[in-house]
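Participant: Using the hints, position chains R and G against chain S.
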Amino acid sequence: MAWFALARFARAMITILVVVGFAFIVLRLSGDPALEILSNDAPPEARDAFRSAFGLDQPIWVQFFDYMTRIAAGNLGNSMREGRNALAVVIERIPITLALSVPAFLINVVIGIPAGILAALHRNSLLDRGVMLGAVAGFTIPTFVLGLLLVLVFSVQLGWLPSGGARSWHHAILPVLTLGAGGAAVLARYTRSAMLEVLGQPYIRTAHVKGVPWRLVVYRHALPNAAIPMVTIIGFMLGQLIAGAVLVESVFAWPGVGRLLVASVVSRDLPVVQCVLFLIAVTMVTSNLLVDLLYGLLDPRIRRGGQA
Amino acid sequence: MKGALLLAEGLAKAYPLRGGLFARRSQILAVNGVSVSLNKGETLGLVGESGCGKSTLGRLLLGLEKPDAGCVTFDNEVMPSSKAAAWRRLRARMQLVYQDPLGALDARLSVAEQVGEPLVIHGIGGPAKRKARVLALLALVGLSEQHGARLPHELSGGQRQRVVLARALATSPDLLVCDEPISALDVSIQAQVINLFMDIQQKFGVAMIFISHDLRAIRQISQRIAVMYLGRIVEEGITDDILHAPLHPYTRALVSAVPEVRKPRARRTILAGDPPNPADRPDGCEFHPRCPVAMSTCSNLKPLLLGSGSRGRKVACHLAAANASQPLGAH
Amino acid sequence: MRELLTIEQLSVAFGETRAVRSIDLQVRKGEAVGIIGESGSGKSVTWLGALGLLPPSVAISGRVLLDDQELLGAPAERLWQIRGKRVAMIVQDAQSAPNPVLTVGRQIIEVLQLHRGMGERAARAEAKRLFDLVRIPDAEQRLKFYPHELSGGQNQRVMIAMALAGRPDLLIADEPTTALDVTVQAQILDLLRDVQRETAMALVLISHDLGVIAEVCSRAYVMYAGRIVESGPVGDLFATPCHPYTRSLLEALPSLDGPLQRMNAVSEGTPGAGLSRHGCAFAPRCADRADLCGRVEPELTADLLGRRVACVRADHARPLEVVA
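Top to bottom, those sequences are chains S, R and G.
Using my numbering, the letters of the first sequence correspond one by one to residues 1279 to 1586.
Using my numbering, the letters of the second sequence correspond one by one to residues 2 to 332.
Using my numbering, the letters of the third sequence correspond one by one to residues 42 to 365.
Looking at chain S on its own, in the form it has when it is part of the complex (with noise of 0.2 Å):
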């Protein structure tokens, strides 16, 4: 188990150093930021002095060797617009991001899982039909039209709840909606065919043989397993917390990190992207990890490899 979680962190520090060298490069090579934080009109010298400042005026392996030194040492570099320690910038705005995302995990989870769950153990029935309808919808819907259509009815048409911006927690109710809604599709369509997969297995007939009543052997036979295959699309949107909100931020005009993120995109601040990035990376891989230990946790044929 040591050498297990052992393995698994390197392979995810491998996998977080990709993400920023693979960033890294392809941001340098889609436009120059001098062209775009400094105005047209700018004189040449301004640029040269604002390229050299930066260090864009090096061979990109330079600045390469010089991004990744400086990110070992802790220091995430400035950002072009504010001046300011890029890294701050970034991590002001994730408490405004999670006001977002953990409401809307939460409902994705209260509501997706059960949901999945009734409709499995009633399969074929109204019920079942009924969740699959709304699953279906919510799961092909894009979440910026669901967005969309929410500001239309509650915002234009009733009026009850405003359409943008985060002055207070009425402001969060729709963009957590939005949010809570696509998630919970997707993971009661998991735990649906999670839950089927399981019922049809050899063990729970033995479970009904045994004389089990139906309510043990959906807790204790079938929820148990189902829940193995669950713990993938659980920790893919754990670490969606960050990531996951840049439309639906874009399309509420509220500023968490995806707000920022596509704002200096446009502005091509670089350190701030590589920063975002960083971040999100950081959080995917530590949500698969997670993930591949609670798997351990759950499956004794992983944490007990065995003879057979």
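Among these hints, one or two may not hold up.
Between beta-carbon pairs, the in silico distance windows are [said to hold, decoys possible]:
#1 R:S27 with G:S102: 53 to 59 Å
#2 R:A246 with S:I1580: 48 to 54 Å
#3 R:L305 with S:F1287: 47 to 53 Å
#4 G:Q154 with S:I1580: 24 to 30 Å
#5 G:N305 with R:A137: 23 to 29 Å
#6 R:A280 with G:T342: 52 to 58 Å
#7 G:Q154 with R:S27: 39 to 45 Å
#8 R:E78 with G:S259: 37 to 43 Å
#9 R:L152 with S:I1419: 41 to 47 Å
#10 R:L110 with S:H1400: 41 to 47 Å
#11 S:T1293 with R:L152: 26 to 32 Å
#12 R:K67 with G:R170: 21 to 27 Å
Just a sample of chain G residues kept apart from chain R, beta carbon distances all over 10 Å, derived [what the hints assert, rightly or not]:
#13 A54
#14 A100
#15 E118
#16 R119
#17 M159
#18 L205
#19 D215
#20 Q228
#21 R303
#22 R336
#23 R348
#24 A355
Just so you know, the hints here were simulated from the structure itself, not pulled from any lab data.
Glycine included, C-beta positions come from ideal geometry on N, C-alpha and C.
Facilitator: For chains R and G alone, kept in the frame of chain S given last:
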């Protein structure tokens, strides 16, 4: 041995045991020093339980896998590597029949196309000649032209195994290696497929290695039997010699484990324990931990496969060797 | 001996496919009964249907009486009290039958708590005793193992221990040794036979292997295409089979002794062809077929010396010594 079609000496094959990036490397010795000879037109039954290496041995004999040690000679020539063109040419003369006929057949091709496929691959005959040959092959295994037009899933299990057999016979091979060819079939169907194997033997004089765990089926088809345990042959000889007077305690247990309808409830030798794990082989005789008559020698000295009496009987057991050396043989 | 379980006119249909067709069957207290049949004969479906283990979409009719209690259509709560307690069952694939995420000990303790009202500690001690009973070495330790850490033979022993945990009156063993190696098969058969005798439990052994049935059972039913075609005491049944299908099964089983001869094989027939609405299902494969066989489905004869057969040619085929 002159006139031997297939001769294998000291074959060994080990597989690495997967254990992840950092885990300790270990390996499974699937086949461990096996010598086999097979005359033209002869059938050798290869018996043993799961994990004894009988399937691996079958693949080694066909050259499908490269042995770690030892060598195989087919018709007095050393078996070429499975990547060589020479091996591909040789492949027309030796064929493999698997346990699962549905898996061995292509679900989208008609039966006739599949039976004719080896002819196309090896460039035998023209289109018209091939067609006639396919019909003859189908008739040979008891299938009609109508069957030839069908897809595999439109046939029953026994019919599918007939198709596989017809395909294997298409190139008129000298050697068939059959790996559990009847164990997936229903009992009442097994009988006809066994009969078919017997007919083919008689008509074409094709040599066979018949791999099975079913002694009853093996008896019907094989002139000789080799019993395998943990990658080694522990007893070998003429079929009824072995079945009626097994010398090795493992063979004795196998024979007595066969449930008999005609004289049930006889005394049985029931072995303790499970078939052994090839990754964890015991010292001395591989069989000693389960052997009902093991002696102290057995746990530290590996018995050799030695000749015992006439008729090519061989056995690898200290006790059997001791008994045989006494003037009054038990049998 | 009294009837423990009586099945009357049981039929099971999956939509259009009639898997079991009006079968009658009795199991007496403490008796070992064999059910012989090949794939698709309905031999397993009969018991799944009888115990209410088939999905509700499957149409089941007839009567299944345990003592005098009707099981078909009984409320779920009553079936939970019967399954695992009065009637236990083990299946062919012992490797996938136990729950992979629970220790085997936990799964036995579950039965002891459900059906014998035992506390954790008493149940653990009893589980160890059961492991000893089914001859699992080092029982105390093995209780903590997960199914994937045990071999196929060991898992089948675990399943037997689990079945015995509720002290059932009837154990249904569906091809319990088919997936196992021959030497292990002998061990498990031996174990089943000993347990059945020692506990006076009735045993229904479902198998396609006549040898297995002959070794364990005193009476047997032969099933073909969802019907019982012959039944009787095992010794008589195998010595003088009356139904051509039973005979073909026996002839398909070569012996290890005696002169080597070509087997008397029955033809295979095309899949589905035997299930025509009229006539005997075995007729298309039968060498003894008469004109009548294609038109009339024969009924089981009345009990004669414990034997019944469903074949219009049975009188002609029946050896004289049985009638005498």
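Participant: Does each hint fit the structure? Answer for all of them.
Facilitator: Against the structure, the hints come out as follows:
For S27 (chain R) and S102 (chain G), the Cβ-Cβ distance of about 57 Å falls inside the hinted range of 53 to 59 Å, so the restraint holds. As the Cβ distance of A246 (chain R) to I1580 (chain S) is approximately 50 Å, the hint placing it in 48 to 54 Å holds. The given range of 47 to 53 Å is respected by L305 (chain R) and F1287 (chain S), whose C-beta atoms sit roughly 51 Å from each other. The hinted window of 24 to 30 Å between Q154 (chain G) and I1580 (chain S) holds, with their beta carbons roughly 28 Å apart.
Between N305 (chain G) and A137 (chain R) the C-beta distance comes to about 27 Å, which sits within the given range of 23 to 29 Å. About 56 Å separates the C-beta atoms of A280 (chain R) and T342 (chain G), a value consistent with the hinted range of 52 to 58 Å. Between Q154 (chain G) and S27 (chain R) the beta carbons are some 41 Å apart, a value that agrees with the proposed interval 39 to 45 Å. Under the hint 37 to 43 Å, the C-beta atoms of E78 (chain R) and S259 (chain G), about 59 Å apart, miss the expected range.
Roughly 42 Å separates the CB atoms of L152 (chain R) and I1419 (chain S), a value that falls within the hinted 41 to 47 Å. Roughly 43 Å separates the CB atoms of L110 (chain R) and H1400 (chain S), a value that falls within the hinted 41 to 47 Å. Distance hint check for T1293 (chain S) and L152 (chain R): the Cβ-Cβ separation is about 46 Å, which falls outside the suggested range of 26 to 32 Å. Judged by the Cβ atoms, the range 21 to 27 Å given for K67 (chain R) and R170 (chain G) is violated: they are separated by roughly 52 Å.
The non-interface label for A54 (chain G) is consistent with chain R: the shortest C-beta to C-beta separation is roughly 23 Å, beyond 10 Å. Every CB of chain R lies more than 10 Å from the CB of A100 (chain G), the least distance being 26 Å, so the non-interface label holds. Consistency note on E118 (chain G): stated as away from chain R, and its beta-carbon is indeed over 10 Å from all of that chain's, at 39 Å minimum. Taking the minimum C-beta to C-beta distance to chain R, about 37 Å, the non-interface status of R119 (chain G) holds against the 10 Å cut.
For M159 (chain G), the requirement that its beta carbon stay farther than 10 Å from each beta carbon of chain R is met, with the minimum near 30 Å. No beta-carbon of chain R is positioned within 10 Å of the beta-carbon of L205 (chain G); the least distance is around 20 Å. Listed as a non-interface residue, D215 (chain G) keeps its Cβ farther than 10 Å from every Cβ of chain R; the least gap is roughly 16 Å. At roughly 6 Å from the closest C-beta of chain R, the C-beta of Q228 (chain G) falls inside 10 Å, breaking its exclusion from the interface.
A Cβ of chain R approaches the Cβ of R303 (chain G) within 10 Å, the least distance being about 6 Å, so the stated non-interface status is violated. At roughly 24 Å from the closest C-beta of chain R, the C-beta of R336 (chain G) stays outside 10 Å, upholding its exclusion from the interface. The beta carbon of R348 (chain G) is kept farther than 10 Å from every beta carbon of chain R, the shortest such distance being approximately 17 Å. Under the 10 Å C-beta cut-off, the non-interface status given to A355 (chain G) relative to chain R holds; the minimum distance is some 19 Å.
Violated hints, listed in ascending order, are 8, 11, 12, 20 and 21; each of the other numbered hints is respected by the structure.
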